[in-house]
Amino acid sequence: MDHYTIRKIIDKSMRILAYLALIVALVPLFSILSGVILKGASSINIDFLTQPSPTVGEAGGGVANAIQGTLITVGLASLIGIPLGLISGIFLSEYSEAKISSPIRFFNDVLSGFPSIVVGIFCYALIVRTIGFSITAAAFALSIIMIPIVTRTTEEAMKLVPATVREAAIALGVPKWRTTVSVVLSGAKKGIATGILLAVARIAGESAPVLVTMGYWRWWFAGLNQPVASLALNIYIFAISPFENWQALAWGSALVLVILILGINVTVRTLTREKYK
Amino acid sequence: MFYKFEIENLNAWFGSKQVLKNINIKIREKAVTAIIGPSGCGKTTLIRCLNRMHEIVPHARVSGKVLFNGIDIYAEDVDPVQTRRKMGMVFQKPNPFPMMSIYDNVAAGLKLNGVRDKKRLNEVVERSLKMAILWDEVKDDLNKSGASLSGGQQQRLCIARALAVEPEVMLMDEPASALDPIATAKLEVLIRMLAKDYTVVIVTHNMQQAARVSDFTAFLYLGELIEYGSTKDVFENPKNELTEKYITGQFG
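Sequences listed follow chains A and B, in order.
Throughout, my numbering is defined as the position within the first sequence, counted from one, plus 166.
Throughout, my numbering is defined as the position within the second sequence, counted from one, plus 699.
FYI, nobody ran anything at the bench for these hints, they're computed from the structure.
Hints are not guaranteed to be accurate.
Claimed, not checked - Quick partial rundown of chain A residues pointing at chain B, CB under 10 Å, derived from the structure:
hint, residue
1, N274
2, D275
3, L277
4, S278
5, S282
6, V331
7, R332
8, E333
9, A334
10, A335
11, L338
12, G339
13, V340
14, K342
15, T345
16, V349
Every residue gets a Cβ at the ideal spot worked out from N, C-alpha and C, and that includes glycine.
Construct the entire structure; sequences and hints are all you get.
What follows is the structure, encoded as structure tokens:
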């Protein structure tokens, strides 16, 4: 066989290998999705979406309080985490020659690798012991998980904007802050939105830090210094319970959580779609 | 005759490496001055010292004076941002803002500095594109992305963008190096036209281009100014042996 034939054979087999790897990687994704949809869809009805969790022995009930709780907790965490992460990311990208940048980047990477339960315990010691199990404590813990993800992706996305584009703006007599906001940030908004989205999806599904900062709670929102129900913990508590209707609620909660995350994903992608093709 | 720039004892460094050594040049108003020299001789650094772009690179330093309209732009109380607004700059590679339309690219200098008046913006965009000889090619596509144009059109778009802020000088750093011969020819016609109203400083590694478009030529070598005079004199009667060797293609 000549070299060309050998090369063609290798090329073909590598391509087949790549397809196979792709299929293997997609199997778990689709089996989880289909499992959640098949088992969760049957428990979703009007009661499920409007009623709070049932107590032991009670029939029916839903997860409305957990949906409310997750939205509030994740929303509050995002309110703290997104601005802090964004501003840190902008600093690291636009002032990377500053002496303080490389230690910040290092500690940010360390933080992103922290086990979430450790973050939870830290917030337990810091906040729960003073104001008790609460939304505030949980949101604080979740925002700490969020910050390094947002920071890193913001920095990476902004660094992808070519230096020549920054120079063009500076040479026009545009101040540096304006260049950063209107030229660099707007050029990087798609990557940044993706990073924020990943971070939101990640904390929406976090359970360990929520468990140690808010505890399991079955009631509606009653103030930021009080706990509230959450979808992630619903799944945990209901799934390991011996009651069949609770287990069904766990599958339903899982489906709602997945839909929530997919929904955020699609929304952000639509909003940041390229204006020019 | 009036001098737009008077450069006095200018030195520039990147970190500890000195790239410009004691440069003294006076640049005439409403004329084209070309800066030529082999790669790495400091041409780009010199032009970037004229609008304080050199210092935005980390660890870059400048010493000496650059008088612009008689005022030192490196004086303590001079705002570099205000200084840059009086000078348009065109770069080696066309660099339109990728996420902006053709219209917004031209209007960027005004819009980003707070001008909101639609009527004024429309006028400025049309006038600038006409001056850059691009209007006829893009007037129906003003909302298309600036990145959708060809390389030569992008470079003229960048010139229109620089003209839109009504600068007093145009600084061009090898503006034709990424262009084909036809686009280059168009650009050279444009440079001659601009010289009627503007002071143009152009860096080029193409000696024929310098000879064609410029009124004055400065020859730099290893960070030093070797020769400076009218283009005719520099090309026909170079005083320095190095200049003669360079323009006759013996090195560089």
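Query raised in the report: Which of the listed hints are broken here?
Result: Violated hints: 1, 2, 3, 4, 5; rest satisfied.
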